[in-house]
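*Asks:* Spelled out, the chains give:
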Amino acid sequence: MNLPNKQDILSQHPRSEDRLLAILHDLQKANSDNALSREDLQLVAAHLNVPLSRVHDALTFYSMFSLRPRGRHVIRVCDSPHCHLGGSWSVLEELQRLLGVKVGETTEDGLFTLELTSCLGVCGVAPVMMVDEEMVGNLTTERLQEVLARYREGR
Amino acid sequence: MKLARAHVLIGVDDEARLAGVEDIIRTLHTSLEQAGLADEIQVVETGTLGVSGHGVVLVVYPEGIYYGDVTADIVPHIVEEHLFKGRPVESLRLPSATAAVRPSEVYRRQTRVVLRNCGVIDPGNIDEYIAAGGYEALGKSLGDMRPEEVVAEIKESGLRGRGGAGFPTGLKWELVRRAAGEPKYVVCNADEGEPGTFKDRLILEGDPHKLVEGMVLCAYACGASQGFVYIRGEYGLSIERIQGAIDQARDYGLLGRDIMGSGFAFDMEVRPGAGAYVCGEETSLLESLEGKRGWPRMRPPYPVTFGLWGKPTALNNVETLANVPEIVAGGAEWYKQLGTAACTGTKVYTILGHVRFPGLVEVEMGTPLRALVYDLGGGLPDGQALKAVLVGGAAGAFVTPQALDVRMDYESLRNWAAALGSGAILVMDESACLVDMLGSVLRFFRHESCGQCVPCRAGTDRLVNILEGIRRGQGGASALEELERIAATMQVASLCPLGQSVLLPVHTALTGFRDEFVAHIEGTNCPACSRGREVATG
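Residue numbers (this note's numbering), protein chains in the order written: chain A, 3 to 157; chain B, 3 to 540.
Hints may contain errors.
Claimed, not checked - Which stretches of chain B does chain A cover? Using the computed rule of at least three CB atoms under 8 angstroms from a CB of chain A, they are: (1) 185-197; (2) 267-276; (3) 294-304; (4) 351-363; (5) 437-445.
Hints in this document: simulated from the structure, not taken from any laboratory.
Don't be surprised by glycine CBs; every beta carbon is placed ideally from N, CA and C.
Construct the entire structure; sequences and hints are all you get.
*Replies:* Below is the structure:
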């Protein structure tokens with residue numbers, strides 16, 4: 003995979019502290035392990051001229067950022083009341099079985115990390131999950147297998 | 003401009019995208035060309051058509067016939083049968099032919115102010131918004147009205163914040179206008195995270211220019227020069243659409259240094275969040291905008307005097323701002339005729355769960371909940387009996403069938419008025435177990451509690467554990483009292499509305515559906531749990 007240069011990403015953002023989340027989003031997207039490295043944090047701190055602890059403090063608050071390497075694809079299952087009513091609990095059990103991991107863990111082949119998310123706002127097709135940027139709804143066992151297979155084949 | 007014999011409106015929102023709408027649009031254009039109809043039938047890509055749970059939905063005008071669950075395979079058939087031969091494809095019409103009410107009739111029962119353009123115009127094209135009367139209110143304000151007059155008009159209209167607190171919008175703007183400190187900011191709260199709530203997303207996707215116009219009007223009224231739209235990081239399409247609208251508006255001179263040649267300067271930016279429900283709370287949102295942890299601030303001081311970077315800030319919800327151009331264009335007198343005397347205007351809802359027509363609707367303030375569930379939602383399918391309605395998402399109220407006649411406005415709802423803001427209406431039939439549903443709500447709060455204050459951090463955890471005990475039949479007789487006592491403590495002692503709002507779902511579930519909780523504690527059979535609600539296999 004051809005990864006964008008980190009300095010190029012930084013140079014697109016003004017050196018203003020309120021840009022912090024936007025910069026972190028862009029840097030994380032550029033990493034194949036869906037996580038931010040210590041070097042990334044140092045780059046941001048230098049770019050914004052703030053202490054490293056300041057960057058660390060902010061990013062650890064938000065669920066979309068990770069310091070722990072994650073799989074190439076992050077699967078986020080919604081268990082808000084609406085999806086729950088639609089059977090998201092069973093979906094989650096089935097996913098854990100199919101992937102052989104628990105929530106928060108990464109598969110051995112490094113392909114998938116399983117997470118929970120709050121409501122994704124597409125409740126009309128509950129239960130719903132998000133794989134990277136893709137929403138997948140009306141989940142059944144069959145559909146789960148189909149989606150996993152598609153990502154395993156690299157689309 | 004060419005005149006078209008018929009129009010095909012196709013709803014492009016997140017739900018349609020995950021059903022493959024891009025493919026279908028391509029197929030539609032190819033089929034129309036092959037049938038030689040490309041010149042007489044116009045395809046309009048628009049926002050949601052207000053129908054949820056039916057994948058790709060399209061509507062053919064002038065007949066107003068809705069098709070749902072449309073796939074690429076079936077498109078040539080619709081083109082051939084309906085558009086070429088003039089015979090609607092009955093088998094694909096929404097809802098099934100046996101239904102008493104069709105979506106077009108549901109549409110007619112609504113009062114569309116905020117959603118006037120949603121599902122009608124192409125949200126990616128500023129000219130269509132202008133053709134529908136867009137930016138007229140801005141022209142009128144900048145040309146003929148002083149900022150104080152805009153504030154007065156909004157005050158007179160009786161508009162109240164649609165985010166939940168119901169604070170009078172005009173008064174908020176006046177406070178910002180009078181507050182000392184420069185520059186002043188306008189911030190739109192598009193961090194919509196309340197479970198079951200996505201009306202703001204659909205407004206952003208369906209009519210983004212209305213929000214831009216509302217922001218500029220607010221800025222002019224308050225004397226602000228810079229604006230931000232803080233939007234959920236997960237809302238990819240909304241971010242794209244609102245960014246597109248801002249860029250177009252800037253090209254047209256509707257944002258920037260000298261808007262419409264009036265000398266007034268204002269510009270705005272989109273800022274994505276990063277997955278934190280608490281950032282929907284206004285002070286937490288401001289912290290996050292400043293690039294920090296989204297920890298709520300102590301209030302007072304309120305954002306009207308001490309907001310973004312400590313400057314006076316007008317912070318409004320998407321739906322609130324989307325009302326503003328309509329009020330300025332139509333006048334406060336017109337707007338006041340909608341809704342009730344104390345609570346004017348309309349409210350946007352998402353109706354979901356066990357109803358025949360899930361989707362997005364807009365009705366006047368004061369509409370009874372019963373009308374939303376049965377007239378607009380079409381009631382429950384297959385003659386199922388209603389068990390409960392969760393109004394307002396996780397921070398909402400569980401309503402019993404006996405209480406359905408409650409009117410939906412800030413005055414009538416009183417102590418659970420906060421639930422009105424989200425507009426989420428989740429309808430549950432007899433298969434829903436309230437112990438299980440409350441468990442889902444409480445786990446949500448435990449997950450989203452930001453951990454800054456102890457009552458919320460420790461309280462949400464205790465609540466989940468106690469409820470889990472009840473579910474497993476190990477609760478003991480005092481468990482229900484303890485749930486309520488902890489939630490009540492959180493209401494008075496928590497720093498922000500997240501912890502304060504947990505009491506509402508707990509209290510309404512325990513009072514309205516006590517038998518079910520007692521059945522779990524005593525180990526007798528819960529009628530809902532014994533049915534099972536496993537996800538379909540195979």
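*Asks:* For the region 294-304 of chain B, count the residues whose Cβ lies under 8 angstroms from any Cβ of chain A; is that count three or more?
*Replies:* holds (count 4)
*Asks:* Take the region 437-445 of chain B, compare each residue's beta carbon with every beta carbon of chain A, and decide whether three or more fall closer than 8 angstroms.
*Replies:* holds (count 5)
*Asks:* Within the region 267-276 of chain B, is the number of residues with a Cβ closer than 8 angstroms to a Cβ of chain A three or more?
*Replies:* holds (count 4)
*Asks:* Using a Cβ cutoff of 8 angstroms, are there at least 3 residues of the region 351-363 of chain B near chain A, or does the coverage claim fail?
*Replies:* holds (count 5)
*Asks:* How does the coverage statement for the region 185-197 of chain B fare against chain A, requiring three or more residues with Cβ below 8 angstroms from a Cβ of that chain?
*Replies:* With 4 residues closer than 8 angstroms to chain A, the region 185-197 of chain B meets the three-residue bar; holds.
When each numbered hint is compared with the structure, no violation occurs for any of them.
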